[in-house]
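Asker: Sequence:
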Amino acid sequence: MTERDQTRQAAADPEDDRNGTETENEGEEFEDDGIIDHTTFDQLLEMDDEEDHEFSKSLVWNYFEQAEKTFDDMNEAMKKLDFPDLSRLGHFLKGSSAALGLTKVKESCEKLQHYGNRKDATGVSTITDSEAEELIRALLIQMRAEYDEAESYLRDFYEETIPQDPQESQEV
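If you use this note's numbering, the sequence shown corresponds to residues 178 to 349, in order.
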């Protein structure tokens, strides 16, 4: 069991102090604030080789690429007020987010799916195009923040940093 796994296990079982011994990372807890469903994510980690997390990491990195493209597509669909496409994109990202256990992103994607179909957040009551537009505009901002939070959490877990945009580092 890796130190990170031991830390997570210790956080889950405060009664277990491993006979008073501490690892270097013991105090480091991955506070997720509901970002991730650990049951789902742990199932993904179980598919990894014991010595590394290369398999799960590759799936997560593919998700990052897919999510970035999907956010770009959502922004384009929003410019055109293409509600069916927004619904489709929400459905698409919901599935991959759920597969990794990214709870907040998945729930927001489900709302987007409903709003794109001109339904309320529960998918039951009909809403107008203008209501859908207003809800989607706010939701896209929220979704992006939730995604950024999940990306940061996962990069911390895999001990990777978020790559800087080359344009951000250029001086004016």
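Because the hints were derived from the structure by calculation, they are not lab data. It cannot be assumed that every hint is accurate.
Stated by the list, open to error - Straight-line Cα separation of at most 27 Å, DSS-like style, residue types lysine-lysine; simulated pairs: (1) Lys271 <-> Lys296; (2) Lys257 <-> Lys271; (3) Lys256 <-> Lys271; (4) Lys246 <-> Lys256; (5) Lys234 <-> Lys246; (6) Lys246 <-> Lys296; (7) Lys256 <-> Lys296; (8) Lys257 <-> Lys246; (9) Lys257 <-> Lys234; (10) Lys256 <-> Lys234.
Stated by the list, open to error - Here are the computed distance ranges between Cβ atoms for each label pair: (11) Thr303 <-> Glu228: 51 to 61 Å; (12) Ile318 <-> Gln243: 17 to 27 Å; (13) Leu258 <-> Asp210: 25 to 35 Å; (14) Asp262 <-> Asp333: 50 to 60 Å; (15) Leu258 <-> Glu228: 24 to 34 Å; (16) Glu223 <-> Thr305: 43 to 53 Å; (17) Glu336 <-> His215: 17 to 27 Å; (18) Arg332 <-> Gly211: 10 to 20 Å; (19) Met224 <-> Thr303: 21 to 31 Å; (20) Glu223 <-> Gly272: 14 to 24 Å; (21) Asn239 <-> Thr303: 19 to 29 Å; (22) Thr216 <-> Ala322: 21 to 31 Å; (23) Ile318 <-> Glu227: 39 to 49 Å.
Cβ coordinates follow ideal geometry from the N, Cα and C atoms, glycine included.
Asker: Hint by hint, say whether it matches the structure.
Answerer: Checked hints:
Using a Cα cut-off of 27 Å, the hinted pair Lys271 and Lys296 holds, with the two alpha carbons roughly 17 Å apart. For the hint linking Lys257 to Lys271, the alpha-carbon distance of about 22 Å falls within 27 Å, and the restraint holds. Between Lys256 and Lys271 the CA atoms are separated by roughly 21 Å; this keeps the pair inside 27 Å, and the hint holds. Between Lys246 and Lys256 the alpha-carbon distance is near 16 Å, which keeps this suggested pair within the 27 Å criterion.
This hinted pair checks out: Lys234 and Lys246 have alpha carbons roughly 19 Å apart, not beyond 27 Å. With a C-alpha separation of about 25 Å, the suggested pair Lys246 and Lys296 falls inside the 27 Å cut-off, and the hint holds. For the given pair, Lys256 sits about 20 Å from Lys296 by alpha-carbon distance, which is consistent with the 27 Å threshold. Simply put, Lys257 and Lys246 have alpha-carbon atoms about 17 Å apart, close enough for the 27 Å limit, and the pair holds.
Under the criterion of a C-alpha separation no larger than 27 Å, the hint pairing Lys257 with Lys234 is inconsistent with the structure, at around 35 Å. In summary, the hint linking Lys256 to Lys234 is not supported, as the alpha carbons are separated by about 33 Å, beyond the 27 Å threshold. Taken as a hint, the range 51 to 61 Å holds for the pair Thr303 and Glu228, whose Cβ atoms sit roughly 53 Å apart. For the pair Ile318 and Gln243, the beta carbons lie near 20 Å from each other, so the given range of 17 to 27 Å is met.
Distance hint check for Leu258 and Asp210: the Cβ-Cβ separation is about 33 Å, which falls inside the suggested range of 25 to 35 Å. For Asp262 and Asp333, the hinted distance range of 50 to 60 Å is not satisfied, since their beta carbons lie about 33 Å from each other. Between Leu258 and Glu228 the Cβ separation comes to about 50 Å, which falls outside the hinted range of 24 to 34 Å. Restraint check, Glu223 to Thr305: a C-beta distance of roughly 46 Å satisfies the suggested window 43 to 53 Å.
Checked against the given bound of 17 to 27 Å, the beta carbons of Glu336 and His215, roughly 18 Å apart, stay inside it. The given range of 10 to 20 Å is respected by Arg332 and Gly211, whose C-beta atoms sit roughly 18 Å from each other. The beta-carbon spacing between Met224 and Thr303, approximately 42 Å, falls outside the hinted interval of 21 to 31 Å. A hinted range of 14 to 24 Å for the beta carbons of Glu223 and Gly272 is consistent with their spacing of about 20 Å.
Distance hint check for Asn239 and Thr303: the Cβ-Cβ separation is about 36 Å, which falls outside the suggested range of 19 to 29 Å. At roughly 24 Å, the beta carbons of Thr216 and Ala322 sit within the given window of 21 to 31 Å. Distance hint for Ile318 and Glu227: a CB-CB separation of about 41 Å, consistent with the stated range 39 to 49 Å.
Checked against the numbered hints given earlier, this structure breaks hints 9, 10, 14, 15, 19 and 21; the rest are met.
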